[in-house]
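Model the full assembly from the supplied sequences, consistent with the hints where possible.
For reference, the chains in residue letters:
There are 2 protein chains.
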Amino acid sequence: MGRIDPKEYVPRIEEALRRFVPEEKERMQSGLFEAMRYSLLAGGKRIRPVLLLEFCGVCGGDQQAALPFACAVEMIHTYSLIHDDLPCMDDDGLRRGKPSSHVVFGEAQALLAGDALQAAAFETMLSPRSVAAVGAERAAGAAGILAEAAGARGMAGGQAIDLLCGGKSVSVAALQEMDECKTGALIRAAAKMGCVLAGASPRQVAAADGYAKALGFAFQIEDDLLDVEGDAGTLGKPVGSDADGSKSTYVSLLGAARARRAVRELTAAAVEALGVFGEKGAYLEELARRLAGRKN
Amino acid sequence: MGRIDPKEYVPRIEEALRRFVPEEKERMQSGLFEAMRYSLLAGGKRIRPVLLLEFCGVCGGDQQAALPFACAVEMIHTYSLIHDDLPCMDDDGLRRGKPSSHVVFGEAQALLAGDALQAAAFETMLSPRSVAAVGAERAAGAAGILAEAAGARGMAGGQAIDLLCGGKSVSVAALQEMDECKTGALIRAAAKMGCVLAGASPRQVAAADGYAKALGFAFQIEDDLLDVEGDAGTLGKPVGSDADGSKSTYVSLLGAARARRAVRELTAAAVEALGVFGEKGAYLEELARRLAGRKN
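So the protein sequences, as listed, match chains A and B. Numbered by my numbering, the letters in the first sequence go through residues 1 to 296 in order. Numbered by my numbering, the letters in the second sequence go through residues 1 to 296 in order.
Treat each hint with caution, since some may be false.
Since the list gives no way to pick one copy over another, a pair counts as held whenever it fits inside one copy or between any two copies.
[As the list claims (entries may be wrong)] Under the rule of at most 30 Å between Cα atoms (straight-line distance), these lysine-lysine pairs were calculated in the DSS-like manner:
#1 Lys25 - Lys98
#2 Lys213 - Lys280
#3 Lys168 - Lys25
#4 Lys168 - Lys7
#5 Lys25 - Lys247
#6 Lys213 - Lys25
#7 Lys280 - Lys7
#8 Lys280 - Lys168
Hints listed in this document are in silico derivations from the structure and should not be mistaken for laboratory results. Values in this document were obtained by computation on a predicted structure and should not be read as measured data.
Set out below in structure tokens:
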């Protein structure tokens, strides 16, 4: 049962990402692989794959076998950032302090890099090796959760809501609906997938979902608070995009004090959801507190 | 064992596509579903899903249970057409005689419709219901084949090669490499998936692959011949895109007479590959001959 030390999560994820999307220098389309790797290996907290691995471990699963699934979630997240930065979307030239994909590789290649990363996510999870390591039932279950979270009722749907709401003043409810789709769905999918890969009970899956839902929402509000304080958003949002005053944010709608309180309450709710896991939830509790109190 | 009359293939596929991507009028992102359906339900020969269903039937599988997988291949094909038409790619305003997705819905929504259709393909194949109907092993196997065919070593890779070669004079080998990725991979995937869903033998899967490889290549050359004759290409190519004289085609590289001969030889090779299936291959033989002699 391949267990991974939490300190090793990020390096192990990075190493696996490099392996699952190799350079392929001998292929005519090596430039496409280069573009995929440029964005995929550009750093970041790797929160989603970490959540997947940790929930898998907490539920007694094989974290080593879960690595392809953890990487798949990060591939979906990365593809969404590439497409989100395109000129027809947010038109953002910088991502994590580096030129965006389309600035480096051109719009067409950036579009394809995003498209290919989405396919790579499913290819990685559904390779004969990945499927054999966790069993077909769990592999299909986890991949199905990710597909639903990435699609029109999840992340892509959230982007479409953003197109409707973007730059406009909207209600807290509309903002929340958008964020639940745009970023919440993928975070919740990661947590649930970790459980499913470990053969967890429905009660455990529901607890993981509750934790991730509260965590994701807290993270989003914290992002808005950090934006107001002049820091960079870090959960897939372009720097300062919410700070231009034309777009509703949790801070503009609730005020900073109520927004801070919401982060505290949501963090408490996330921690409470962990009760099912007993002492095994300690790392996830710490993670929730760390994200709520983060400085970037 | 849900068998489907070949005459019913296309209407059954159309009906299932409507069901798998419903209107969702009550959602904030109903416009995204509208854009997905606009392209998905715009007609076409549905060759890929038909191939999948027929190979599934020939190998003794449950065609009814294979429908979500057949539809998934068509969703991947449709997403590729939407993205291919975008201004940063082929910048094509017409598709199958109708305004392209981005002309109707705008670039951002068209981008998202393509993204969401790729996710929908995997969501459709990996829903608990689809998985239960064919068994997790076969579902994961078929979905894995499609993921690989859609990705950087398949269709998206072919698009990247097209970016390199587009509008340039290239060798027959380069053109063939591009087409094998860009259109061949998905056609071959459809044939193989049909077999895998039926629990076919490796020998049957290899024969289906050989048939589809020859068929796809013949189709591509026939497309070029039809373009020269002033007709519209129909396998995902914009009308007249190869007829502007600046880009290599099989006809420009081989001449019309050799191109015609290649179509005949490839069709014969496709038919020969069907030998394994005995009399059950009759429909597939007729399909190969029909496509090679088609008028549009």
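Problem set entry | Alpha-carbon proximity between Lys213 and Lys280, which holds within one copy, between copies, both or neither at 30 Å | within (19 Å within a copy, 52 Å between copies)
Exercise. From the Cα coordinates, with 30 Å as the cut-off, is the pair Lys25 and Lys98 best called within, between, both, or neither?
Worked result: within (23 Å within a copy, 39 Å between copies)
Problem set entry | Homo-oligomer pair classification [Lys168, Lys280; C-alpha up to 30 Å] | neither (43 Å within a copy, 60 Å between copies)
Exercise. How would you label the pair Lys168, Lys25 (within, between, both, or neither) given a Cα cut-off of 30 Å?
Worked result: Between copies only: 22 Å across chains, 45 Å inside a chain, cut-off 30 Å.
For this session: Please work out whether the CA atoms of Lys213 and Lys25 approach to 30 Å or closer within one copy, between two copies, in both situations, or in neither?
Result: Cα proximity of Lys213 and Lys25: across copies only (25 Å, versus 41 Å in one copy).
For this session: Could you figure out if Lys168 and Lys7 sit no more than 30 Å apart (CA to CA) within one copy, between two copies, both or neither?
Result: neither (42 Å within a copy, 51 Å between copies)
Problem set entry | Intra- versus inter-copy proximity for Lys7 and Lys280 (alpha-carbon distance at most 30 Å) | within (16 Å within a copy, 58 Å between copies)
Exercise. How would you classify Lys25 and Lys247 at a CA-CA limit of 30 Å: within, between, both, or neither?
Worked result: between (43 Å within a copy, 25 Å between copies)
Comparing the model with each earlier hint shows violations of hints 4, 8; every other hint is respected.
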